[in-house]
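Chains as they are written, first to last, in my numbering: chain A, 1 to 199; chain B, 200 to 396; chain C, 397 to 664.
Because the hints were derived from the structure by calculation, they are not lab data. By construction, the Cβ of each residue, glycine as well, lies at the ideal position given by its N, Cα and C atoms. Hints are supplied without guarantee of correctness; some may be wrong.
Stated by the list, open to error - Listed below are several chain A residues computed to face chain C (Cβ distance under 8 Å; list not exhaustive):
#1 Leu23
#2 Arg26
#3 Gln32
#4 Arg57
#5 Gln102
#6 Phe120
#7 Arg169
#8 Ile190
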Amino acid sequence: MVGVFGFAMLIQYFVPHPLGRVLYGRVLEWMQVIFAAGLVLGGATYAMSHLRTVSGRREGWIYSLLALAALTLMLAAGLIGGIDRGTLFLWLFNNLQAPLQQTVFSLLAFFVASAAYRGFRARNIDAALLLIVALVVMLGRIPIGEMTGPFLPDLARWLVDVPAVAAKRGILIGIGLGSVAVALRVMLGIERAWLGGRR
Amino acid sequence: MSDAGIWLAAIGTLAIFSFLYRDNPAYRAAEQILVGLSVGYLVVITVRTTLVPKVALPILDGDPWGIVAAVWVLLMWTRVSTRAGWLSRLPLAVIVGAGAGLSIPAMLKARVLSQLGAVIRPEIDVNAVVGAIGVLATLSYFYFTRPPTGAFRVAARTGTWFLMVFFGATFGYTIMSRLSLLIGRTEFLLGDWLGLL
Amino acid sequence: MNLAQIDRRWIFVIVFLAVALPLLFPIGLVGEVSPRTQTMHDLIEALPRGATVIISFDCEAASWPEIGPVAEALVEHTMQRGIRIIGTSFLSEGTALGFELLSRHADAADYVQGRDWVYLGFRPQYVAAILGLGESITQEYPRDYINQPSEDHTLLGAVRSYRDVALVISIADDTMPQYWIEYAGARYGVKIAAGLSAVMVTTFTPYLDSGQLQALIGGLKGAAEYERLLGREGAGSRGMDAQSSAHLAIIVLVIIGNVAYFRGRGRS
């Protein structure tokens with residue numbers, strides 16, 4: 001089935017037959033519906049796992065209860081009250097979910113600073129190069145760096161635009177070729193890791 | 200943001216920041232609430248904006264394609280059953296197979312050929328030469344089929360330097376990104392909440 | 397005192413002060429407009445009045461403090477130019493953020509929903525969704541975000557697929573513009589631009605260089621530069637003092653860390 005859908009999608013790219021177009025449109029639709037079903041399934045699995053923790057009074061069950069309460073509140077708000085402006089759903093999103101999410105990720109600023117202080121060492125040529133480039137980019141991309149004259153911003157720009165682009169381009173080409181090989185292996189049934197479990 | 204909303208967001212923000220001192224119940228509670236809300240949000244958005252218009256409404260309109268879509272959904276949901284769980288591999292096969300088939304021309308055209316094409320430029324200057332050497336050197340570094348000896352070893356070594364420049368630049372930008380997030384949260388606490396800005 | 401063994405919470409305090417003090421006592425640094433930001437501005441400036449762009453909010457709430465100002469500036473400019481907007485989102489949290497942002501700007505710019513802008517909302521499986529938009533926008537999104545039939549919107553009567561779209565702008569904190577480039581750009585020939593979080597800039601520069609991406613602006617600094625081009629101050633500009641001082645603080649910390657490391661190594 002993987003092979004059938006895979007080759008059908010590959011062939012329709014090169015042969016724009018009307019029947020192929022219809023199938024193509026439908027398959028695109030199914031991919032989204034299946035993915036959406038997977039997301040809902042993920043939500044249900046999450047709820048079940050917390051329900052088990054709460055009903056079994058396992059360690060940390062009180063946190064699971066909070067998670068379930070938050071989940072239920074959001075589901076009720078969105079499924080019953082709607083998702084338009086002025087709804088409880090968007091209010092919860094704006095005043096609780098988004099700020100919490102942003103704060104969790106802003107913690108990384110502290111950890112990355114601490115990690116840079118403790119671990120960012122010019123131990124050898126490679127590490128020194130990495131460190132110097134990082135510092136030049138950090139300085140060259142802020143207004144204070146620009147106030148020192150054109151040298152730092154220009155150097156930062158050149159490092160990003162020429163050598164860094166070359167390296168990333170090498171990575172992109174490598175990944176591109178690798179991905180094509182993996183896609184073919186999947187379509188030919190050689191690669192079956194997506195089925196899960198033991199191979 | 201309403202006053203109640205600002206206070207709610209501020210309490211949540213401080214609860215998460217309390218982790219910087221050490222792990223504590225307030226942080227863990229905020230974390231669990233966040234995950235619960237996020238999962239609920241994702242399910243609501245998915246149901247309302249995708250499953251309703253693409254499955255439920257077509258069925259109500261008598262569109263047979265709606266039934267086909269519903270079958271895929273139900274097959275996917277068999278995953279919760281131990282006996283019928285294998286059926287969920289059918290919809291997964293559609294996603295994996297079609298995804299693979301669609302990706303081949305896209306990858307070849309947009310990633311491999313276009314990027315290769317950008318290496319070869321009509322005008323030759325220092326940057327074009329450095330760029331071409333960098334791409335070849337980086338590819339040599341990732342070529343593990345033959346052992347690095349002679350000129351190939353030099354190329355692979357040069358590749359690591361280009362990669363270090365890339366990782367260094369990315370690291371610099373990463374710090375920039377993370378700090379921007381902290382700036383946003385600090386601005387909220389000092390400005391929206393405390394009114395100091 | 398061994399500098400390498402310092403309690404990391406002291407570093408946290410330094411970072412927090414480096415961010416908070418410039419916010420409390422601003423000096424108003426913005427910096428120069430980089431050629432990249434200018435290119436993005438010129439690109440939107442060159443679009444004819446009444447043209448249609450897709451703005452896709454392909455980001456999570458986590459990165460909104462950084463990427464929100466980028467989105468604000470781009471949407472504001474697009475509406476100033478009288479360009480019509482179709483909003484989409486391929487990451488769930490970007491859906492609500494994009495809806496709120498577009499609604500707010502539409503109110504301010506007297507943009508009429510359905511005629512000047514529509515918000516189509518979220519689609520999972522972005523590859524299929526991006527390809528689907530190339531076939532038919534209304535088939536891909538039979539209903540908009542608030543469940544109104546897409547066919548009822550006059551904008552979508554005129555704009556049927558990428559053929560009628562002048563530009564796609566992906567507001568992204570991850571690799572989504574790559575899929576826009578590979579599936580919409582390569583297959584349907586639509587032009588792509590990106591408003592990115594800073595961390596993604598190095599990933600997408602090769603695409604800018606190869607011409608697959610028309611323009612990109614990155615991070616709070618990019619937003620600050622764009623705000624300058626729009627002639628106003630916003631979250632991007634306000635953050636530049638703090639961004640500068642926090643960068644300097646981290647640079648100093650890294651240098652101290654290295655000095656301590658080499659001195660320790662010299663001794664041993």
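Quick rundown of the hints versus the structure:
Annotation: A:Leu23 was flagged as interfacial toward chain C, and the flag is violated, the nearest CB pair being 12 Å apart, outside 8 Å. Checking A:Arg26 against chain C by beta carbon gives a least distance of about 10 Å; that is not within 8 Å, so the hint is violated. A least Cβ separation of about 4 Å between A:Gln32 and chain C falls short of the 8 Å threshold, and the interface hint therefore holds. Interface restraint check: A:Arg57 against chain C, minimum CB-CB distance 33 Å, threshold 8 Å, status violated.
Taking 8 Å as the C-beta cut-off, the interface hint given for A:Gln102 holds, the closest approach to chain C being about 6 Å. About 5 Å separates the beta-carbon of A:Phe120 from the nearest beta-carbon of chain C, less than 8 Å, and the hint is met. For A:Arg169, the interface hint holds, the least distance from its beta-carbon to any beta-carbon of chain C being 5 Å, beneath 8 Å. With 8 Å as the threshold, the beta carbon of A:Ile190 stays out of range of chain C, its nearest partner Cβ sitting at about 22 Å, so the hint is violated.
Of the numbered hints listed earlier, those contradicted by the structure are 1, 2, 4 and 8.
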